[in-house]
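Heads up: the protein sequence lines correspond to chains E and L, in order.
Going by my numbering, the first sequence opens with residue 1, and the numbers climb by one from there.
Going by my numbering, the second sequence opens with residue 1, and the numbers climb by one from there.
Accuracy of the hints is not assured; some may be wrong.
[Stated by the list, open to error] BS3-like mimics (lysine-lysine), calculated; alpha carbons at most 27 Å apart, straight line: (1) L/K343 / E/K158; (2) E/K243 / L/K262; (3) L/K262 / L/K343; (4) L/K299 / E/K231.
[Stated by the list, open to error] Quick list of the computed label-pair ranges, beta carbon to beta carbon: (5) E/S129 / L/S42: 20 to 30 Å; (6) L/L40 / E/A238: 50 to 60 Å; (7) L/S42 / E/A83: 22 to 32 Å; (8) L/G390 / E/R344: 51 to 61 Å; (9) L/K155 / E/G292: 28 to 38 Å; (10) E/N118 / L/M361: 55 to 65 Å; (11) L/G439 / E/G199: 16 to 26 Å; (12) L/K147 / E/E196: 52 to 62 Å; (13) E/K231 / L/G439: 22 to 32 Å; (14) E/G415 / L/E260: 46 to 56 Å.
It should be emphasised that the hints constitute simulated quantities derived from the structure, not laboratory data.
C-beta atoms are modelled at their ideal positions from N, C-alpha and C, and glycine is treated no differently.
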Amino acid sequence: MIQNKEYYFHTFAVERSVMQKLVEEALRSGGSYADLYFENTTYGSLLLRDGAVTSGGSHIDYGLGVRVLSGEKTGYAYCESTAWEDMLACAKAAAQIASGTADVSPYGTPNPSRGEPNPAADRYPVRESWRETPMSSFLPFLQQMEAEVKSRDRRIIKLMANLAFQMSDILMFNSYGELKWDTRPMGSVSLSAVFEQGGVTENKSVSRSFRCGAEMLSESLIREMADEVVKGIDERFAAGRPKGGQMPVVMGAGASGILLHEAMGHAFEADFNRKGTSIFADKMGRQICPRGIQIIDDGTLTGNRGALNYDDEGVPGQKTYMVEDGVLTSYLHDRISAAHYGVRPTGNGRRESFRYAPIPRMRATYMESGTAKAGDLIAEVSKGIYVDEFSNGQVQIGEGDFTFYVKAGFLIENGRLTRPVKDINIIGNGPAALADIRGVADDLAVDPGAWTCGKEQSVPVSCGIPTVLIGNLTVGGE
Amino acid sequence: METIDYGEEDLHKVMTDNTLHSTLTEAEMALARHCLDYALRSGAQKVRITLSKSLMNLVGLLNGEVDKTAHALDRSLQLQLFVDGKYGAFSSNRLEREELEAFVRSAIDTVKMLEPDPYRDLPAPERLAKDAVSGRELNLYDPAYEKLTAADRRKMALASSFYHPASGKEVSSAFPRLIAEEGEYSDSVFDSLTIDSQGLFARHTETSFEIGYESTVEDAEGRHFSSYWWDATPRLQDLAIEGCARTACQRAMEQIGPQEVKSGKYTLIVDTECASKLLTPLLSALGGYSLQQKNSFLKDTLGQKVFPEALTILDCPRTPGDTGCRLFDSEGVATREMPLIEKGVVKTYFLNTYMARKMEMEPTVEDATRVKVLPHGACKNLEEVLQKVGEGILVTGFNGGNSNPATGNFSYGIEGFLIRDGKRVHPIREMLITGNFIGLWNNLLIAASDARPCLSKLVPTLAFKDVDFSA
Numbered sequence: 001m002i003q004n005k006e007y008y009f010h011t012f013a014v015e016r017s018v019m020q021k022l023v024e025e026a027l028r029s030g031g032s033y034a035d036l037y038f039e040n041t042t043y044g045s046l047l048l049r050d051g052a053v054t055s056g057g058s059h060i061d062y063g064l065g066v067r068v069l070s071g072e073k074t075g076y077a078y079c080e081s082t083a084w085e086d087m088l089a090c091a092k093a094a095a096q097i098a099s100g101t102a103d104v105s106p107y108g109t110p111n112p113s114r115g116e117p118n119p120a121a122d123r124y125p126v127r128e129s130w131r132e133t134p135m136s137s138f139l140p141f142l143q144q145m146e147a148e149v150k151s152r153d154r155r156i157i158k159l160m161a162n163l164a165f166q167m168s169d170i171l172m173f174n175s176y177g178e179l180k181w182d183t184r185p186m187g188s189v190s191l192s193a194v195f196e197q198g199g200v201t202e203n204k205s206v207s208r209s210f211r212c213g214a215e216m217l218s219e220s221l222i223r224e225m226a227d228e229v230v231k232g233i234d235e236r237f238a239a240g241r242p243k244g245g246q247m248p249v250v251m252g253a254g255a256s257g258i259l260l261h262e263a264m265g266h267a268f269e270a271d272f273n274r275k276g277t278s279i280f281a282d283k284m285g286r287q288i289c290p291r292g293i294q295i296i297d298d299g300t301l302t303g304n305r306g307a308l309n310y311d312d313e314g315v316p317g318q319k320t321y322m323v324e325d326g327v328l329t330s331y332l333h334d335r336i337s338a339a340h341y342g343v344r345p346t347g348n349g350r351r352e353s354f355r356y357a358p359i360p361r362m363r364a365t366y367m368e369s370g371t372a373k374a375g376d377l378i379a380e381v382s383k384g385i386y387v388d389e390f391s392n393g394q395v396q397i398g399e400g401d402f403t404f405y406v407k408a409g410f411l412i413e414n415g416r417l418t419r420p421v422k423d424i425n426i427i428g429n430g431p432a433a434l435a436d437i438r439g440v441a442d443d444l445a446v447d448p449g450a451w452t453c454g455k456e457q458s459v460p461v462s463c464g465i466p467t468v469l470i471g472n473l474t475v476g477g478e
Numbered sequence: 001m002e003t004i005d006y007g008e009e010d011l012h013k014v015m016t017d018n019t020l021h022s023t024l025t026e027a028e029m030a031l032a033r034h035c036l037d038y039a040l041r042s043g044a045q046k047v048r049i050t051l052s053k054s055l056m057n058l059v060g061l062l063n064g065e066v067d068k069t070a071h072a073l074d075r076s077l078q079l080q081l082f083v084d085g086k087y088g089a090f091s092s093n094r095l096e097r098e099e100l101e102a103f104v105r106s107a108i109d110t111v112k113m114l115e116p117d118p119y120r121d122l123p124a125p126e127r128l129a130k131d132a133v134s135g136r137e138l139n140l141y142d143p144a145y146e147k148l149t150a151a152d153r154r155k156m157a158l159a160s161s162f163y164h165p166a167s168g169k170e171v172s173s174a175f176p177r178l179i180a181e182e183g184e185y186s187d188s189v190f191d192s193l194t195i196d197s198q199g200l201f202a203r204h205t206e207t208s209f210e211i212g213y214e215s216t217v218e219d220a221e222g223r224h225f226s227s228y229w230w231d232a233t234p235r236l237q238d239l240a241i242e243g244c245a246r247t248a249c250q251r252a253m254e255q256i257g258p259q260e261v262k263s264g265k266y267t268l269i270v271d272t273e274c275a276s277k278l279l280t281p282l283l284s285a286l287g288g289y290s291l292q293q294k295n296s297f298l299k300d301t302l303g304q305k306v307f308p309e310a311l312t313i314l315d316c317p318r319t320p321g322d323t324g325c326r327l328f329d330s331e332g333v334a335t336r337e338m339p340l341i342e343k344g345v346v347k348t349y350f351l352n353t354y355m356a357r358k359m360e361m362e363p364t365v366e367d368a369t370r371v372k373v374l375p376h377g378a379c380k381n382l383e384e385v386l387q388k389v390g391e392g393i394l395v396t397g398f399n400g401g402n403s404n405p406a407t408g409n410f411s412y413g414i415e416g417f418l419i420r421d422g423k424r425v426h427p428i429r430e431m432l433i434t435g436n437f438i439g440l441w442n443n444l445l446i447a448a449s450d451a452r453p454c455l456s457k458l459v460p461t462l463a464f465k466d467v468d469f470s471a
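The following block holds chain L by itself, in its conformation from the complex (with noise of 0.2 Å):
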């Protein structure tokens, strides 16, 4: 086993340097001011700039050793110019004065070259973000960013695994078939303001702590068997890296010893960890572009009651602290709570104001931002939900598949357990789900309560009736 010694006093310069400039500085905002005036002198009649940055530092393990070491600092300017009638999209990371306003030129030049968009417009301005000044409204940035040193990142990535003495965990006498251990902590900060030519000014900031493991066991034929586990969150403080490596490997050691399961129809459970599988082709079929090009199994529902009673799903980009959260979209347009599909009715298409127009229909937000799925049928968790059902297949990973947006129907490989009387009575794999999103979602017996914070999607633990198994 061995330890690594940095050489901390000279990383330590360096990463201090670069954290003090890891949010935009008033330089690079008079920049992306500047760039728009330009614009407007260049001949755009409109123009819409996002200025972003990031800065990200990793850890990876292998097998309780530090196996890599990234560090990246990013910036990119996105130029949206409405010339004549004409709208283009450009970006470039050379952030130079000289070298951006031949950027600007030579955008313009290609937009009018393009042929007319009477559809293309900037939203209206009492529809845009006004709350968004600081970039820390939401409660997004946490300051201890400020103070990590590589030190306190790479002991972060070695507390949880099984390799690492410092540990106190014995890999064989855990574990016994573990063969492999990759870990990998990250954090990072990312800021981005949104100006436009009718005097939108839009700032986020947030930063983000992650914690990942992915175990690899073998069986007693040499079998090879491998899960994960992570958590992410906006607040280092709240992180759980205590257990994510056992998490892991125990998810990976279950799947020891899989057998066939015969062909049929099942109760489908899905767990919450990969839940958002099936939501997420709702969310793009209730999408503007999807719906304009007439490729969406949702064209012509809204307000109609395609779903079941029991089928609430709002979208709450709001909540401050809250992983994912946005005061406003792409386009600097605010976001609002607001219910997408109510007891089984479709309330919300995503129209930005270019599919708007289009679509002579009136404007929401470009996309979805924190969606969250609400309970029914009264169970908190997985565990009640097996009890509750008591047959059926738990899923709790997908491997491949898709879905064929025009028509909803889809086929996803799967891996998990047969249940019986709410319990795991084996792994089950190579097996496959097929169906329709429409029916499937109209079969939904039980969404728990149980989404873990660190989701991108607030989807439960789910359960469906009646759903075709392959295998």
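Isolated chain E (complex conformation) (with noise of 0.2 Å):
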């Protein structure tokens, strides 16, 4: 959602004179670059809990982030108000950093998109605004998902659904003199179900969360989650645990691309890299996954809970091909990063809030569909796993050992799906798994639900994959 330029100004109560002035006085030690975040964010939730939504909030959050850059170094303060006073001391807090010295590294190219934010343009366009939309009218919402997830399956015996959203208003200005601005909204919704089966109880979740207004909360969306929230649950109480150890694996199309964001998209954030911690640190142009196969980290899918129309250095969002024909083409770049290696940008600069500076992160993470058909994969296995629901995953970034924790999923024997399993972890190697990859299907999906990376800050992320069998991971069991 894009505003006219007034409005964020009048939100901020500044001027571009102001802000050109402020970057001055953050440049007056001697630094090379510095940039300007405003930030002010409304959140808002709703929590359905026994039957009723109780608990509902609203939160205010609203400051300037300054950064100085001297070389590769970062000086970084920030504070909750724009008087000129508090700004002023806050630009000399992070010129902390400057050596007395100009640094002539260009923090990439001056005015990588020309000219103002284009409404036409917007990835998130909002037709329902969540501020402006009254809390009330979403009860409803929350309450019509309860009496249709509670009527798919008796055995529900205690059930939550939140709803969660906020819009942002972000104002990015620079020592290039780039003005650049954005809103960003997020709607997202969670299901959490406890069912009792025999004395035994299961526990199963589903999430969905887009960039979009409250147009999301729709009666398909209720039936698409209560779908999805029974779904094999019948398989989640049969289920047991394998026995451990070194298998094939098929990753289900999906969510499965939390393998792509923990064995691969960390160790390709150029951060890393630049400090030479990172397995991928030499691989640049090497061929490390099989031909046929395109790696992406992409700010441009519309309503996507990663896109962005400018990241937070106000680079315009863009979709940047990491593998291509199983090469390594491209790091993912903030400004000093890209900097470094003396490269453009690739959007990848995004921070929690103002309170945090940018650093490179992933967007959407995905890898191109391939011309395997899936059910062809599973065939080819005659002793294995196959997973498509996850809760979470984890990287080493210097070893390269990458896990993923598997809510649910099948054995595999003798080229079908048998017994269900779940609650697993498994684990592999960054490198060795990419080049392990003996097929991809022709089915990707990019997984809607609510994935947050949590490398030193917090931010909104999605990832997909289609259909893939590796040909060797470990797997967890008894």
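Make the complex out of the two chains shown on their own, each in a separate frame, by following the hints.
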């Protein structure tokens, strides 16, 4: 959502001349680049628990972050007021990093996009603003969702439905004179059900999250989430742990994109490579997985949780091919790492809020479809595991060892899905797993869940993948 | 190698000005009281307000040079409203009087549109803390904070670095395989005041000083291994800066040369640095929100012997000077020392006023504050544990994984060492442990007495028998 420039100037009580003066103050100690990040975020939430929407609230977060760069060094400070004296103190604190002599490193090409933000190119248009729609109108959505879910399965003994929404006004200005603005919406619905069968309890959660307005709260969303929360619960009760060890793993389409996020995405974030800690630090231009594979980090998917008109450094959102035909072709850059590598920033400079300096982060990370059929990939496996429901993952950047936690899946025996499995962790090594991709199906799906990446700061992301067969990963078990 | 001249005079002025206002001022506390009165006048029957403020300074290093600095001042007012039998929670960092009044009016309108909740209420007055008046009763505020300059912070950040010439250490001779070293020094002061419409006044003030290093080393084949070391304390003089970078580097070097180990059942030894990973799910399972939603593997176990006689876990929230201690919880309820698990018996559920009323049980406190696992098995430290168990797998870090709160089943990635004859044989990687928390803790062999004071939970080195390892 892009409003007119005056709206942002009014929200933050600033004008261009004020921002220009502030940037000059920030550079007074000799920094080579400075930028300002104004943020006004309003949050709202409603929680249905034990049959009623009895909890709700709203929150306001407002402030300015000032960053000063000296070479590749960062000085950062923020304040929660846009009164001149507070902003000035903030700029002086950020200027600490400067050495007294200006560094000449260019932080990306000045004016990476010409002109003002264009509402016609908005990647998250809003039909019903979260700010302007009365919260009371959201209650029926949650109440209807509860009724719909409970009608699907009598084993449900507890149900919680949560609606969280936010609108963030962002105004960015830097020492190149670039001025960008944006209003980022986000709506998230999560559903958590506890089932009881024969004295045994099981839980299941689903979520949906999009950059859009309150128009997302539709009857079709209720039906979709109700279907998903009860789907597979019989198998959940019947599921056990497999015998642990190394085996082929078929990653189902959609949420299995967590593999890309953990196994390679973080290792491609250029700050880790700039510091020399990433296992992919010297792999640029090399074949890192089989030919025919494309892996992308994309900020251009309309309404996607990871979509961005501009990143948090004012660089236009864009689609970045990290791997083309199996070859590593690009890291994910913010302005600092782009300057270090002598390339253009890729629009990956992101931050949790004005309280944080931006760092390279993923947006929507996925692999393009291949040509195989999902059923054929499963049929290739004589003894292995199929996984398609996850809760979290992690990676050790230096070693490249990644893990992800599987909420549900199936054993594969003689090319067929047999017994259900649950609650297992899978571990592998990023470069090894990439090189060990045996087949890619033609069914790419980007998961619509509320994924959040927690590298130093929390930012919304999404992930996707077609069904993929990996030759060998270590599966936890008994 | 480059050193940095900050322009000390300007910087000192900025930092001094901010330091003077780093704790809550009388004006800010008066604003909180005004906000409470205004909410009552505007239609709320009961109100609780928490006003908090924090100031943080950080110096980050990359390979012995200052790579980043940060300075952050945060203020927030949290508002909990009880209006016509309904409840809502709100917060704002826009603390101008007119802005807050508009925010309160809007919040009350929001609460009015919610459904009634008969279980919401303030705590009974006799349960509230009455001994947290100055905020400094627990001796967690170090006045040394007020005298720190930017130069002091830079000096402390650099003091341990292997790359910095002033450290007098030679990187190439001490650790030839070190390829990257990141360090960070930070300090902060946190001040909060909680008041409510029945007279609660509870203040907590603390300082914190932290140092941390992460080192990445390379083996002969170019493979990378990383590890870290850190310390944190409320008092600057107790901060263990010296040796921090060395320990991080040693821990990274120890990981070179990992070998595969066969899947099977092994004795699990988990060092104190990461042992809390195995305790946190137990504490979550004792929490009211999980219990009330029947999403806890410890539901209906209060008073029952679920764990072995060897296991006793206490909450000790009132030890003066001890990291993380608090005299009151988020409702303002006075904390007290109490057993959580005593000789295997579940003794405490964490029930705030709301959850206690919903579950028709006696309220306790919102959450654990300063958890302590009592020793068992007569071992002081890790080395004695290794000698005693002889063989097994020592876990020094976890890599991902999770648990099922309803069943207690877990699966975690691990890193560590194969142990034979009480000694580390070689590092291991790409291994997992899998099991159930009730079963795991019933196989507790040893709880040493070596928990580091900087840890938020005082969990020592632990040993468990017959744990499933996958490789």
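For each hint, the structure was consulted:
With a CA separation close to 32 Å, the supplied pair L/K343 and E/K158 exceeds the 27 Å bound. Restraint check: the Cα-Cα separation between E/K243 and L/K262 comes to about 13 Å, which is no more than 27 Å; the hinted pair holds. Annotation: proposed proximity of L/K262 to L/K343 is violated, straight-line Cα distance about 35 Å (limit 27 Å). A threshold of 27 Å between alpha carbons decides the hint, and for L/K299 with E/K231 the separation of about 26 Å falls inside it, so the pair holds.
Between E/S129 and L/S42, the C-beta spacing of about 26 Å keeps the proposed range 20 to 30 Å intact. Between L/L40 and E/A238 the C-beta distance comes to about 55 Å, which sits within the given range of 50 to 60 Å. Checked against the given bound of 22 to 32 Å, the beta carbons of L/S42 and E/A83, roughly 27 Å apart, stay inside it. Distance hint check: the CB atoms of L/G390 and E/R344 are about 58 Å apart, consistent with the given range 51 to 61 Å.
Under the hint 28 to 38 Å, the C-beta atoms of L/K155 and E/G292, about 54 Å apart, miss the expected range. For the pair E/N118 and L/M361, the beta carbons lie near 58 Å from each other, so the given range of 55 to 65 Å is met. Against the hinted window of 16 to 26 Å, the Cβ-Cβ separation of L/G439 and E/G199 comes to about 18 Å, which satisfies the hint. Between L/K147 and E/E196 the beta carbons are some 60 Å apart, a value that agrees with the proposed interval 52 to 62 Å.
Distance hint check: the CB atoms of E/K231 and L/G439 are about 30 Å apart, consistent with the given range 22 to 32 Å. At roughly 28 Å, the beta carbons of E/G415 and L/E260 sit outside the given window of 46 to 56 Å.
In summary, the structure is inconsistent with hints 1, 3, 9, 14 from the numbered list given earlier, while agreeing with the others.
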